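Asks: Since the structure of chain A is provided, determine the placement of chain B with the ligand on it from the hints.
These protein sequences, in sequence, are chains A and B. The first sequence stops at residue 321 when you use the working numbering, and every number in between is there. The second sequence stops at residue 256 when you use the working numbering, and every number in between is there.
Derived by calculation from the structure, the hints in this document are not laboratory data. Each hint should be verified, as a subset may be incorrect.
Straight-line distance between alpha carbons at most 30 Å, and here's what the computed DSSO-like set of lysine-lysine pairs gives [claimed, not checked]:
no.: 1; chain 1: B; residue 1: K254; chain 2: A; residue 2: K307
no.: 2; chain 1: A; residue 1: K54; chain 2: B; residue 2: K254
no.: 3; chain 1: B; residue 1: K250; chain 2: A; residue 2: K287
no.: 4; chain 1: A; residue 1: K67; chain 2: A; residue 2: K53
Okay, the calculated bits of chain A under chain B, using three or more residues with CB under 8 Å as the criterion [said to hold, decoys possible]:
no.: 5; region: 46-53
no.: 6; region: 292-301
Here are some, though not all, of the chain B residues that point toward chain A, as calculated from beta-carbon distances under 8 Å [unchecked claim]:
no.: 7; residue: V24
no.: 8; residue: Q125
no.: 9; residue: A131
no.: 10; residue: K133
no.: 11; residue: S162
no.: 12; residue: I256
Bear in mind the structure is a predicted one, so any value in this text is a computation, not a measurement. Virtual Cβ for every residue (Gly too), placed ideally from N, Cα, C.
Here is what each chain is made of, one letter per residue.
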Amino acid sequence: MSIVVFAEQRGGALRKITFEVISEGKRLATAAGDSLKVLLAGDNVSGLAEELKKFGPDEIAVVNSDKLADYTTESYAGVLTDYVKQENPSLVLLGHSAIGKDLAPRVTARLGAGLVSDCIEINYDGGDFSFIHPIYAGKAVATYKVNSAVKIATLRPNIFAMEEAEGAANVVDFAPEIAASRTTVKEVIQQAGDRPELTEADIICSGGRGLGNPEGFDLIEQLADALGAAVGSSRAAVDAGWRDHQAQVGQTGKVVSPNLYIACGISGAIQHLAGMGSSKCIVGINKDPEANILTVADFGIEGDLYKVVPALIEKLKEVNG
Amino acid sequence: MNIVTCIKQTFDTEAKIVIDNGQVSTQGVNLIVNPYDEYAVEESIRLKEKNGGEVVVVSVGGDKTQEALRYCLAMGADRAVLIQDPALEQADNLGCAVAMAKLISQMEYDLVFCGKEAVDDGAAQVPSMLAEKLDLPQANVLTALEIADGQATATREIDGGSEVLEMKLPAVLSAQKGLNEVRYPSLPGIMKAKRKELKVVSLADLELSAEDVAAKTELVAAELPPARKAGRVLSGEIDEMVAELVSLLKDEAKVI
Ligand SMILES: Cc1cc2nc3c(=O)[nH]c(=O)nc-3n(C[C@H](O)[C@H](O)[C@H](O)COP(=O)(O)OP(=O)(O)OC[C@H]3O[C@@H](n4cnc5c(N)ncnc54)[C@H](O)[C@@H]3O)c2cc1C
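Only chain B is shown next, with the shape it has when bound in the complex:
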């Protein structure tokens, strides 16, 4: 079973955001593999361990993105492909999906796995866009997955519950927290990862032009959110505080 797993390198979730000239500064920020993508990598490796085949991790990014791909190789993925091109630096989610779909369409695969969204722009766009560009069925936000006889049974989180979907492979799936417990790379895993193949390809290698991935959306300005106005810590005996709280919620905040 051959699996292509798409990952994005994102800021550490602890990162402090600094705005420089209307854009988010990347200076000195610790970078990680997007946490949801780790669930996808983990699930892909487990499927491979059970069924054989290979896991190829794919990303769109720059020089630093190699670190994120190496991390996935250290977890147990077999090889990696990085799509790197100046024309992709301003690409939006659709542009990235177009580039990855083109790469994936030239590979042999049974499954494409993504995280359900990236924690930076929180857009949740790429998995469905990939599915469209590859003309495949999709199942997003999965908390459970079973694969047998070329068929996937996937439990997807929906508002107020979940639903179980069935589809024939190949398909595009996206992982939610709860799908599995993500492993840490082992020391031998880290050593082995250094020798695994990490190929860098350009748009030209994929026979795509800058036009094909041109951004339709542009982040024109970012700013810090308005600070919440400082709150009040109530004081007194518990009964007094609780009575004061209830009247504040009723009369001042008008929320109950």
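The following block holds chain A by itself, in its conformation from the complex:
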């Protein structure tokens, strides 16, 4: 049997989540005695196979077509479905990214299979896989079983460790017929600046209503600059119009799991915690000693953020030379 991983690339560059998913695929393939196969689809993407080899796949199947230059659901769903039908794997893994979330359920419905989305852990117990997925925005954790022959899962970004490994790494061509897409991509708008993407960031600095005004985010930006971090926001700050909703972290925003999450002027409402509660280390800066964020934070500083954050930036600059 085999495990198939969908390698996500956009505009000819592999996404970090791809390496995380292949690493987990390799771990599971080793445990289950399966081979690991990676599907790499796009336009002129053969060159990316080298990078994928480092993570130990047994085979990399490459599909090149100008019809795959942009990600469109229908064209990509056709390619992945055809590959799964050819390989008949026990497990298909994708990232729980914008592309993976869009693609996995479409392919699942086409195959009549079972899909567990947004997994934070997958286990192989000698006979079957079990899938761990947080529900109710992390307020509970559920274990799922899948009873279809092909089982499909998407993996939460920033949770699974990237690990280089050995593998046969045969590169083969895969040339399915590619379905025309009924959607066309007219425009892609990249966020300004070169900050890391929120769901991929190792460090996130977030601001909330406690900033008091939209200019407060300038200070959060400076802190983020000092740490090479992404900038997030509570819903209150988004609703006030201080920050684009793309920055919102929480139950109705992004779910993030960075190594370090610094919450400035955020009270720590349950809906906010839902989005960042799985961060490895949480720092809360809040002037209210009763604020919930100070209870959940690994390290809390009770104080005015307009005094604490500038001092913190200074200290970081000093330490980092």
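Replies: Relative to chain A, chain B with the ligand alone:
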């Protein structure tokens, strides 16, 4: 313009989760219309107000789900259909999508609208599964939408930005926060909703069998997440606290 809007009834986002016998207890939990589905209902009503036609809200659920559908009727949807069947009680997202797609395929529509995901299982599966089962184009996680001459121009959130997609209708679309501001039902709206049609259909009515919607995934056990270990609130002068924080982050947590 006829729009079918799919909604799910979910726990209130404030709800405290209690685990009973390895499953999430529904006892005494306040139920709401999934917040993302409200954006879909709102957008559907706005499109109808502009272009005419009707908005039909559809859900899979039980007796209580009627309340969620009535809420959407009070917002301004025209009628509602609830798919209710014992065989759907254990259904997974695919089973629900199969049932809704069958219902929708028997209707006349230009657009199917959903929320981008439900806040309970956070799976984001149903819109794409519906699109597949209805053999329609899809555009998920929309923050802006324009419709003209049977064509949709949709702005979809992607990692690190957004993209603008174009497609001919009919299509399946899913709403993200930011698409619109959701209205509250007005008093006259609530009164009118009581008289609007809410039809309940079974799988047999849809000519589907239990087999057609059989779950491929099963939630075998749920538990509360491990509690985070209690943190430390630092004390002292600001300079001292900041210095201590930086060394803790560097040497103890090793995150910077
Ligand atoms: C359906 C639903 C979904 C939701 N989804 C989300 C979501 O996805 N994300 C989200 O964040 N919220 C969400 N919320 C909202 C959530 O309930 C809270 O209202 C919100 O998180 C509060 O944001 P805040 O912490 O910035 O503001 P507040 O709760 O007002 O907290 C501001 C904090 O700043 C502190 N402060 C003020 N001045 C200073 C200063 N000078 N220095 C230091 N500290 C200061 C205050 O002590 C206070 O603790 C949702 C709510 C609902 C009902």
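Asks: Could you run down the list of hints and mark each one as holding or not?
Replies: Consistency of the hints with the structure:
Of the pairs offered as hints, the one joining K254/B and K307/A holds, with about 25 Å between alpha carbons and a cut-off of 30 Å not exceeded. Of the supplied pair hints, the one linking K54/A and K254/B holds, its CA atoms being roughly 26 Å apart against a limit of 30 Å. Distance restraint check for K250/B and K287/A: the Cα-Cα separation of roughly 24 Å lies within the 30 Å cut-off, and the hinted pair is therefore satisfied. Note on K67/A and K53/A: the hinted pairing holds, with a Cα-Cα distance of about 25 Å set against a maximum of 30 Å.
Using a Cβ-Cβ cut-off of 8 Å, 0 residues of the region 46-53 of chain A lie near chain B, which falls short of the minimum of three, so the contact claim is violated. Counting residues of the region 292-301 of chain A whose CB falls under 8 Å from any CB of chain B gives 8; the rule of at least 3 is met. Interface restraint check for V24/B: the shortest CB-CB distance to chain A comes to about 6 Å, inside 8 Å, so the restraint holds. Hint on Q125/B holds. Least Cβ distance to chain A is approximately 4 Å, under the 8 Å limit.
The criterion of a C-beta within 8 Å of any C-beta in chain A is met by A131/B, whose closest approach is roughly 7 Å, and the hint holds. At its closest, the beta carbon of K133/B sits 6 Å from a beta carbon of chain A; the interface hint therefore holds under the 8 Å criterion. Among the interface hints, the one on S162/B holds; its C-beta lies about 5 Å from the nearest C-beta in chain A, closer than the 8 Å criterion. Nearest Cβ of chain A to the Cβ of I256/B: about 6 Å, under the 8 Å cut. The hint holds.
Going through the hint list in order, the structure does not satisfy hint 5, though it satisfies all others.
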